[in-house]
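Student: For the protein sequence lines, the chains are U and V, in the order given. Okay, so the first sequence: first residue is 19 according to this note's numbering, each after it adds one. Okay, so the second sequence: first residue is 19 according to this note's numbering, each after it adds one.
By construction, these hints were calculated from the structure, which means they are not laboratory data. Don't take each hint at face value.
It does not matter which identical chain is used: a pair holds within one copy or between any two.
[Claimed, not checked] Computed cross-link-like contacts, SDA-like style, restricted to lysine to any residue with a CA-CA straight-line distance of at most 25 Å:
1) Lys-40 <-> Lys-85
2) Lys-80 <-> Gly-101
3) Lys-80 <-> Arg-61
4) Lys-40 <-> Thr-92
The structure displayed is predicted, hence computed values, not measured ones.
There are 2 protein chains.
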Amino acid sequence: MTRFRCAIHIVPRRGILDPQGKAVADALHSLGFATVGEVRVGRHVVVEIEAASEDAARDQVKAMCEKLLANPVTEDFEIASLGHA
Amino acid sequence: MTRFRCAIHIVPRRGILDPQGKAVADALHSLGFATVGEVRVGRHVVVEIEAASEDAARDQVKAMCEKLLANPVTEDFEIASLGHA
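Same shape as in the complex, but just chain U:
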């Protein structure tokens, strides 16, 4: 078995209201960052996992996202990076 480290981005699906993103955008404007446009706030999750291969690790991470980490109705996820820990 090999230890892998995987970074996952979980973001609000496009078209779905992102109140957190809106709040951050408003706060940035009030701090003087006038040229800020859309802001989207999601989660950056880094998972260490032991697996037989990189593909096996990728499959497990996908299953984790589908079962727990990402809300299938309102969020999208992407595996941003996967490599040896």
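Position chain V against the provided structure of chain U, taking the given hints into account.
Tutor: Frame of chain U; chain V shown alone:
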């Protein structure tokens, strides 16, 4: 002015307790993902901003992280990507 899109990762500083990461790791174990090791949960923020150049955009994003987005005591930030929107 040009419109840029920037992705920022804000993560708990190493050595600082990450209760959210611990909770996610425990939940993954209980779902049968036994080979999961450390889990760290941070924020993935995507900001659209107009700036005169890529360097100017990078400087503004850094200032946003230092002033608002990242807690200077408990979190580290990195600009994961910066390019034309």
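Student: If a hint holds in the structure, say so; if it does not, say that too.
Tutor: Each hint tested on the structure:
Proximity of Lys-40 to Lys-85 under the C-alpha cut-off of 25 Å is restricted to the inter-copy arrangement: shortest distance 17 Å between copies versus 28 Å within a copy. In the homo-oligomer, the alpha carbons of Lys-80 and Gly-101 lie at most 25 Å apart inside one protomer (15 Å), although the nearest pairing across protomers, at 27 Å, exceeds that limit. Taking the closest pair of Cα atoms, Lys-80 and Arg-61 come within 25 Å of each other both inside a single copy (15 Å) and across two copies (19 Å). For the identical chains of this complex, Lys-40 and Thr-92 are neighbours both inside a copy (16 Å) and across copies (24 Å), given an alpha-carbon limit of 25 Å.
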